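Novice: Join the two chains into one complex using the hints; note that each chain is given alone, in its own frame.
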Amino acid sequence: MTISVQEGDFDVGREIADLSSGCREIGAVASFVGLVRNADATEKEINGLQSANHSAQITAMTLEHYPGMTENALANIVAQAKARWDLNNIRVIHRIGRLLPGERIVFVGVASAHRGDAFAACEFVMDYLKTQAPFWKKEETATGGRWVDARETDDTAAARWR
Amino acid sequence: MSTTVLFFAGLREAVGTSSFSLDLPPEVNTVGALREHLAAGSDRWSALTRTTNLRAAVNQLMVDMNAAVTDGDEVAFFPPVTGG
Chain A
1 MTISVQEGDF DVGREIADLS SGCREIGAVA SFVGLVRNAD ATEKEINGLQ SANHSAQITA
61 MTLEHYPGMT ENALANIVAQ AKARWDLNNI RVIHRIGRLL PGERIVFVGV ASAHRGDAFA
121 ACEFVMDYLK TQAPFWKKEE TATGGRWVDA RETDDTAAAR WR
Chain B
1 MSTTVLFFAG LREAVGTSSF SLDLPPEVNT VGALREHLAA GSDRWSALTR TTNLRAAVNQ
61 LMVDMNAAVT DGDEVAFFPP VTGG
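Same order as they appear, the protein sequences are chains A and B.
Note that the working numbering gives residue 83 to position 83 of the first sequence, counting from 1, and the numbers run on in steps of one.
Note that the working numbering gives residue 19 to position 19 of the second sequence, counting from 1, and the numbers run on in steps of one.
Isolated chain B, as found in the complex (with noise of 0.2 Å):
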């Protein structure tokens, strides 16, 4: 099962797309990971260590970096939020 992996604001903008999805290697187990794992892939995916206070959710849910993620997990990754 793959994972879904969303982008939204500013972040969506500098990698140009909402969502994509992946099959997640074995050892990217955590945001974090996936993260790093998503970066050192192409300069495309850069913005996402570029973008200081990145925040991250699972399955919708606000997690920190080192939240586990599993096959078949909705992940997003969004600047800090500025509703209101």
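Isolated chain A (complex conformation) (with noise of 0.2 Å):
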């Protein structure tokens, strides 16, 4: 299994561990795991900001996506970085529902021969991810809930690709 999108949580040593179980070939592992921050950086960043204002601390965030594209979505961007770059595996993970500060979101791991090909690959689909994949979130503070912005920082990190 490639894509998996779930609520439940996942084991991040068993799935580093399947990504070259039984191949010899397998000489690099590259892995991301994004986790649900307590902070509202994207304030903080773009309006350079430090966090004093303890109201946009993030209680929770909800996750909703597009049920059937998203598999779509993230089984194309899977396509696309094995027909680019020498892979042996790749595994994606995404949570869905809702989630506290600390918990995971995101698994992205790539197995290779070699580790330029994998740290690549890893890269460009989280890159892709964060552009193309229809996942929304909303985050949930003391004031009540808010649906994160985009981030024009996520699309100039896909076009890089380009």
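These are calculated hints, taken from the structure and not from any lab test.
Being a predicted model, the structure only gives us computed values, none of them experimental.
Beta carbons: idealized from backbone N, C-alpha and C, even for Gly.
Among the hints, erroneous ones may be present.
[What the hints assert, rightly or not] Selected chain B positions facing chain A (Cβ under 8 Å, derived; list incomplete):
id, residue
1, 9
2, 10
3, 57
4, 76
5, 78
6, 80
7, 82
8, 84
Specialist: Structure (structure tokens):
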């Protein structure tokens, strides 16, 4: 199984081990784990402000997605990565539903003969996932709920692979 | 055959529904024309034209506003994605 969209958590150690199990050609496994932050870093980074405003503390985050299209979009991103780099194995897990700060949201793992392909493909998959896969985050703070705005830096990150 | 329209995230909340079906008038043959058609129909749909950087998908593939729409398609409107 390459792609999972699920409510439940995942075992990072097991996922990394599974990526190379039974294949002696693999010399590199690169992985990324995304977590729910407790601070509204978007505001802080855009305005250059320090996070003195405690009302911006995130108490939970809910991830909505477009069932069907999500899986298709992730499969398409994985196919592009496989066409571009020499990869033995790839794994993408994205959680949906309500998550608390510190919880894992996303896992991307890539196995290859050499680290260059593994690092590059892992970053490519994350950059494309951020801009192409239909997920939306809604933050909960003490003052209510707020849909997270898309960030220009994510578009810039995805554009450098073109 | 009717066309299914889906809404997600903040746009879904703004229009107050996640999906509905309609029969496309003959002149509504692109995603952008569908957006204008719905927004012109009632205040309820005005969020479609108020949402900045509105994105769309036809049959679960991300497209731009010039993409063709035909009877039986599944059309989705949503804000820019924020996963990961």
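Novice: Hint by hint, say whether it matches the structure.
Specialist: Okay, the hints, checked on the actual structure:
Taking 8 Å as the C-beta contact cut-off toward chain A, the hint placing residue 9 (chain B) at the interface holds, the least distance being around 4 Å. Taking 8 Å as the C-beta cut-off, the interface hint given for residue 10 (chain B) holds, the closest approach to chain A being about 4 Å. With a least beta-carbon distance of about 6 Å to chain A, the hint placing residue 57 (chain B) at the interface is held under the 8 Å criterion. The interface hint given for residue 76 (chain B) holds, since its Cβ lies 6 Å from the closest Cβ of chain A, which is under the 8 Å cut-off.
For residue 78 (chain B), the shortest C-beta to C-beta distance to chain A is roughly 7 Å, which falls under 8 Å, so the interface hint holds. The criterion of a C-beta within 8 Å of any C-beta in chain A is met by residue 80 (chain B), whose closest approach is roughly 3 Å, and the hint holds. Interface hint at residue 82 (chain B): satisfied, since its Cβ lies 4 Å from the closest Cβ of chain A, which is below the 8 Å cut-off. A distance limit of 8 Å between C-beta atoms decides the matter here; for residue 84 (chain B) the minimum to chain A is near 4 Å, and the interface restraint holds.
In this structure, none of the earlier numbered hints is contradicted; all agree with it.
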